[in-house]
Amino acid sequence: MSDNEKEQEKKPKEKDAKEGLSLPDLDQQHNAAKDSEHHEISADHPLYDLNAVYDVPVQVSAVLGTAKMKVDQLLKLGRGAVIELDRKAGEPIDIFVNDRLVARGEIVILEDSLGVTMT
4 MSDNEKEQEK
14 KPKEKDAKEG
24 LSLPDLDQQH
34 NAAKDSEHHE
44 ISADHPLYDL
54 NAVYDVPVQV
64 SAVLGTAKMK
74 VDQLLKLGRG
84 AVIELDRKAG
94 EPIDIFVNDR
104 LVARGEIVIL
114 EDSLGVTMT
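So the sequence shown is residues 4 to 122, counted in this note's numbering.
Keep in mind that a hint or two might mislead.
Only pairs whose alpha carbons sit at most 20 angstroms apart, straight line, appear in this in silico SDA-like list of lysine to any residue [unchecked claim]:
1. Lys91 - Leu67
2. Lys71 - Lys91
3. Lys91 - Ala65
4. Lys91 - Leu78
5. Lys73 - Gly83
6. Lys71 - Asp58
7. Lys91 - Asp75
8. Lys71 - Val59
9. Lys91 - Ser64
10. Lys91 - Val74
11. Lys71 - Ala55
12. Lys91 - Ile112
13. Lys71 - Asp102
14. Lys91 - Met121
15. Lys73 - Ile86
16. Lys71 - Ile96
17. Lys91 - Ile110
18. Lys73 - Val85
19. Lys71 - Asp89
20. Lys91 - Asp52
21. Lys91 - Leu117
22. Lys73 - Leu88
23. Lys91 - Thr120
24. Lys73 - Ala84
25. Lys71 - Arg90
26. Lys91 - Val66
Worth flagging that the hints you see were computed from the coordinates, not collected in a lab. Keep in mind it's a predicted model, so treat the numbers as computed, not measured.
Please build the complete structure, drawing on both the sequences and the hints.
Now the structure itself:
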């Protein structure tokens with residue numbers, strides 16, 4: 004493989020890493036597969052059985068902010084200590100799925116628990 008071909012092969016991967024992956028709309032394909040009487044797979048209209056994917060558990064995290072400190076500062080923390088985060092009050096928080104940033108949102112109160120409204 005020539006150097007030029009190797010370089011061309013890298014470019015889509017670099018683009019995907021910067022812009023995120025362009026994945027097909029899974030719900031559309033899932034509904035099309037359910038409505039279709041024929042489950043033929045072709046190059047023009049691939050149908051995927053996504054039932055297994057919908058049951059895969061994922062870890063969703065809402066991160067208020069982060070802080071950096073030295074170990075000696077960490078060891079001095081105790082009950083009632085306040086850790087200043089890198090976000091201001093009212094700023095959107097990060098929503099991660101399996102440690103990958105997927106959205107931003109705002110904190111909401113739901114009866115006795117907290118939630119996040121995606122923005």
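Each hint tested on the structure:
1. Lys91 - Leu67: holds (10 angstroms)
2. Lys71 - Lys91: holds (16 angstroms)
3. Lys91 - Ala65: Given that 20 angstroms is the threshold and the Cα spacing comes to 15 angstroms, the pair holds.
4. Lys91 - Leu78: violated (25 angstroms)
5. Lys73 - Gly83: holds (19 angstroms)
6. Lys71 - Asp58: violated (37 angstroms)
7. Lys91 - Asp75: With a Cα-Cα distance of about 25 angstroms, the restraint between Lys91 and Asp75 is violated, given a limit of 20 angstroms.
8. Lys71 - Val59: violated (34 angstroms)
9. Lys91 - Ser64: holds (19 angstroms)
10. Lys91 - Val74: violated (24 angstroms)
11. Lys71 - Ala55: violated (40 angstroms)
12. Lys91 - Ile112: holds (19 angstroms)
13. Lys71 - Asp102: holds (19 angstroms)
14. Lys91 - Met121: holds (18 angstroms)
15. Lys73 - Ile86: Answer holds: Lys73 to Ile86 is near 12 angstroms, not above 20 angstroms.
16. Lys71 - Ile96: holds (17 angstroms)
17. Lys91 - Ile110: holds (13 angstroms)
18. Lys73 - Val85: Measuring from Cα to Cα gives roughly 15 angstroms; hence the hint holds.
19. Lys71 - Asp89: holds (9 angstroms)
20. Lys91 - Asp52: This hinted pair is violated, its Cα atoms lying about 44 angstroms apart.
21. Lys91 - Leu117: Roughly 18 angstroms separates the two Cα atoms, so the pair holds.
22. Lys73 - Leu88: Distance of about 14 angstroms is within 20 angstroms: holds.
23. Lys91 - Thr120: holds (18 angstroms)
24. Lys73 - Ala84: The given pair, whose Cα atoms are some 15 angstroms apart, holds under the 20 angstroms limit.
25. Lys71 - Arg90: holds (13 angstroms)
26. Lys91 - Val66: With Cα atoms ~13 angstroms apart, Lys91 and Val66 stay inside 20 angstroms; holds.
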